[in-house]
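J.: Heads up: the protein sequence lines correspond to chains A and B, in order.
FYI, the numbering used here numbers position 97 of the first sequence as 97, with every residue one higher than the one before it.
FYI, the numbering used here numbers position 92 of the second sequence as 92, with every residue one higher than the one before it.
No lab work stands behind these hints, which were simulated from the structure alone.
Since the structure is predicted, the reported quantities are computational estimates derived from the model, not experimental observations.
Note that beta-carbon positions come from the ideal geometry of N, C-alpha and C, so glycine has one too.
Take these hints with a grain of salt, some might be off.
Pairwise CB distance ranges (calculated) [stated by the list, open to error]:
| id | chain 1 | residue 1 | chain 2 | residue 2 | range |
| --- | --- | --- | --- | --- | --- |
| 1 | A | D125 | B | E54 | 45 to 53 Å |
| 2 | B | A120 | A | G161 | 48 to 56 Å |
| 3 | B | S123 | A | P202 | 28 to 36 Å |
Listed below, chain by chain, are the residues.
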Amino acid sequence: MRVMTVSLAVLAAGATWGLVACEVTPRKSADFPQARSTVESVAAQNDVIRYASPDVARARDYLSLAESRGAEHGVDDRVAAHYAYLATQSARIADQRAQEQAAQARIRAAELERERILHEARLADEQRARATELLDGFVKGTGATRTARGLVITLDHALFGKGRAKLNANAGGSLDAIAQFLAAHPERRVQVEAFTDSVGAPSYNLELSQSRADAIAMAFIGRGIDAARVRALGYGEWFATPEDAAARPGPPDRRVEVIVSNDSGVIPALLPITAGVP
Amino acid sequence: MIQLTVNGLRNAAWCVAAFGIVACAATQLTTEQLAVAQHSIERAEEAEAADFAEVELTTARNKYAAAQAAADKQDAELASLLAEQAAIDAQLAEQTARAKHSEKRAAQLDAQMRELREEALRSTKSPADARHP
């Protein structure tokens, strides 16, 4: 009965007002489940929320156009289907934009990290160059030899008087240079090794060499080097073999060697030269 | 009743006028939409959609051709719909191409970064000094 009334009203209106009457046509429910599910599943993605909300808004606008058009003209209406298609494509665009932006964010992060790594590498190169320069200067200045045990500096024989363990007053120069180098390289350690010849009692020689090694070690500690980094060893006449004497320059009885470790801080033990150590 | 009829006639006249304008506007709209679609396709091509979003670009091109055919047959409504779809297909092609392009670049950069990180790790583990103590 109600439908009849409405129909009559429509007919009456149509007779007098023509096309204007379209507005009073009752709405049917019409939706596009596939388009809607595409739009909603895309809209729920985090990257889409972050990067593509205008595209999602556009997709939703098209979806409501499709649904209201479908309500008026049925879901088979080509204009309604057209809007549903536009909604789906807008959602796909949102998805692709989000993927693009996420990739761009990855690119920016990677480029920043690359900058940082290259910057750090440059700094490390510079630091290495400075360290090499310092090392070369030290080796040149002290006449050190680079060996497997470390940097070996043979101290001036005039440091001690014959049979004495007290440093001469003029002994400072090379000790200053070594102490400075040690201060600049806290990871390196130093070992003082003193030797004598085989003249005299072995126990006296051992004691003399130890006292001389201690005197040098104390000189380093006195110049600010932590005692834990300094080791003093007197070998007496242990290495005063003829081969040893022949292999090393100068009078063997007052020979003192200072071994500066590499960055590991380890100084391998001294083995007899006859065993083949360089 | 007479009053109503006069009103009806006036409305009818308006309707005829309005239809003329709408029809004319529809043709012009179609022309504009075709231009928009063409522009969108060009943008997609510039974004290398031919390489990165071939399917989407082909869809856009086909729909654009169909829109033109409909316009040639004076089917303004169909032409308008197809042109609008061609435009959005082209936008999807462009955006897909941009996404693929960026992902490719991000993947390349990721690989470079892996290499760079390994290299940086190696160089910090072997300082120049260690070779000659």
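J.: Now tell me if each hint is right for this structure.
T.: Structure-based check of all given hints:
Hint check: A:D125 to B:E54, Cβ distance near 46 Å, so the stated range 45 to 53 Å holds. With their beta carbons about 55 Å apart, B:A120 and A:G161 fall inside the hinted range of 48 to 56 Å. As the Cβ distance of B:S123 to A:P202 is approximately 50 Å, the hint placing it in 28 to 36 Å is violated.
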